Amino acid sequence: MAKVLMKGNEAIGEGAVRAGCRYFFGYPITPQSELPHYLAKRLPEVGGVYLQSESETAAINMVYGAAGAGARVMTSSSGPGISLMQEGISYLAGAELPCVIVNMIRGGPGLGNIAPAQSDYFQATRGGGHGDYRVIVLAPASVQEIIDLMRLAFDLADRYRNPVMVAGDGILGQMMEPVELGEEEDVQIPPRPWAATGRMGGEKKLINSLYIVPEELEQHNLKLARKYALIASKEQRWEEYRLDGARLVLVAFGTVARICKAVVDRCREEGLAVGLIRPITLWPYPQKAFEPLMGKVDSFLVVEMSLGQMVEDVRLAVNGRHPVHFYGRCGGMLPVAADVVQEVKKLYGGEGN
Amino acid sequence: MKKVFTRPRSLKDIPTHYCPGCTHGIVHRLVAEVIDELEIFDRTIGVAPVGCSVFAYNYFDCDMFQASHGRAPAVATGIKRVLPDRVVFTYQGDGDLAAIGTGEIVHAAARGEKFTVIFINNAIYAMTGGQMAPTTLLGQKTTTTPYGRDKDINGYPVKISEMLSVLDGTAYVARVSVHDPAHVIKARKAIKRAFEVQLAGLGFSLVEVLSACPTNWGLSPAEALKWLAENMIPYYPLGEYKKPAEVG
Chain A
2 MAKVLMKGNE AIGEGAVRAG CRYFFGYPIT PQSELPHYLA KRLPEVGGVY
52 LQSESETAAI NMVYGAAGAG ARVMTSSSGP GISLMQEGIS YLAGAELPCV
102 IVNMIRGGPG LGNIAPAQSD YFQATRGGGH GDYRVIVLAP ASVQEIIDLM
152 RLAFDLADRY RNPVMVAGDG ILGQMMEPVE LGEEEDVQIP PRPWAATGRM
202 GGEKKLINSL YIVPEELEQH NLKLARKYAL IASKEQRWEE YRLDGARLVL
252 VAFGTVARIC KAVVDRCREE GLAVGLIRPI TLWPYPQKAF EPLMGKVDSF
302 LVVEMSLGQM VEDVRLAVNG RHPVHFYGRC GGMLPVAADV VQEVKKLYGG
352 EGN
Chain B
9 MKKVFTRPRS LKDIPTHYCP GCTHGIVHRL VAEVIDELEI FDRTIGVAPV
59 GCSVFAYNYF DCDMFQASHG RAPAVATGIK RVLPDRVVFT YQGDGDLAAI
109 GTGEIVHAAA RGEKFTVIFI NNAIYAMTGG QMAPTTLLGQ KTTTTPYGRD
159 KDINGYPVKI SEMLSVLDGT AYVARVSVHD PAHVIKARKA IKRAFEVQLA
209 GLGFSLVEVL SACPTNWGLS PAEALKWLAE NMIPYYPLGE YKKPAEVG
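Chains as they are written, first to last, in the working numbering: chain A, 2 to 354; chain B, 9 to 256.
In case anyone wonders, no lab produced these hints; they're calculated from the structure. Keep in mind that this is a model prediction, so the values were computed, not measured. Just so you know, not all the hints are guaranteed correct.
[Stated by the list, open to error] Computed cross-link-like contacts, SDA-like style, restricted to lysine to any residue with a CA-CA straight-line distance of at most 20 Å:
1. 205(A) to 47(B)
2. 205(A) to 23(B)
3. 20(B) to 207(A)
4. 205(A) to 229(B)
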């Protein structure tokens, strides 16, 4: 099939439709606007509903209603809007409702700016809202990967009855790349016997996150913990790039990982044994990617568009066995390949590495 | 022997947690009776709020959602957009609907969402300990207005029915009271009309029910009903603020 040229934000919309999503609730914010624009046109074509809400708070609660009523449903926002959604995401996690939330991350804190960033990593991977919960986080690095991961996002949400976040950045959302869409499948959405759709002669169903008796809430928390442990054991995803014989390993996700691939190539040309781990799931963090490298590499260099957030997960994975360094740009600035190469050269073969 | 009075099918046969003299129980029963009478029990989905009536999800026997504070109209919007042939209602108090949830209620009404809102106005936050609500009357003493609500400090009580009735998306808006049997019967009629408006697909419907909270008002149940009639009704006039021509 011929390739088509698409913007990342549009690819999210098309990927969602092809994954069987028929409901979108959202509030405008830059830099994800092309996604609601696309779905406002596309969803009515397939008998779906696009609804612009009065706020991100309302949007995520519409998602809660639609998910509880049994729909494949999505919302999308960026930084400040995702912050507003956190209460609702906590409720969705507590009530174990499947849904997909897109965060096209922009610069922060506060209003920050609309330029690309990765500084919502902590928020995305640590639950984000109140209470003990986790959200599955997928980080695509190309428009093609967006198409591929959207189906996975909805499938994981259903499999684990858990919110899934797709975390991109302004560059990924705005850039155009050729993509292979593939054949449109007739998606069978898994049955949802738990959904509250009206009793229709059946048992009463309740969508709820309130457990007023502490013993009962503890049991619910422990049940969620078992689910998160299962997800952590089964759903770690990552890409390895030129790790053969690597002494210094770069770790980066999303757009930054693409820059780091160029860094790896340039270093290899100059005879430096450098490789890359690109996490595709930010939670669960792909700790398994690091185990085979223990004792075989000198050090790690984590590159992010933030002051250093994922670097903490790399340190947890490496657990003191190797030095873990950090290089980042923030405020909407991009790491430049040449600067990362310089950073690699500073560290490569150096003492303590 | 003929049974002339029984529990509505739509209510579960369990004790509620409501205080003596609280009128939530009456309103629950009215909603349940209407659901029974309209024979919509099997396709009705309710949304419970945060507040005293949070456990409404245990008392109504239809499918239920529990929503975050103030967001029941957004949750109901999501449900109704996915299942347009179901009957959806929210049950919300004045803190939930008229303070933290004003954005959601106004925009659900403006969009003409086809669900029904039962809005309990008892002029106080009850579950959290009797604090001032947006509907607390001027001069009314609460735990956070110990000297009485002062317009210069706290502004004026919010009149939800009047506000929402001017929006084009609302089809039916009524304010009723449950302080005596005659008014209870009128309240039941309004609640039935609100559900009928939804069933006819005419738009958004809301019934504001003036309700008593003896515990947090510091009155006996009988005194509370009297206080409601003498103080709340003059500020919150009863009546149908908006009614479609299709409804008699």
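- [ ] Could you check the structure against the hints above and give me the numbers of any it violates, in ascending order?
- [x] Violated hint: only 4; rest satisfied.
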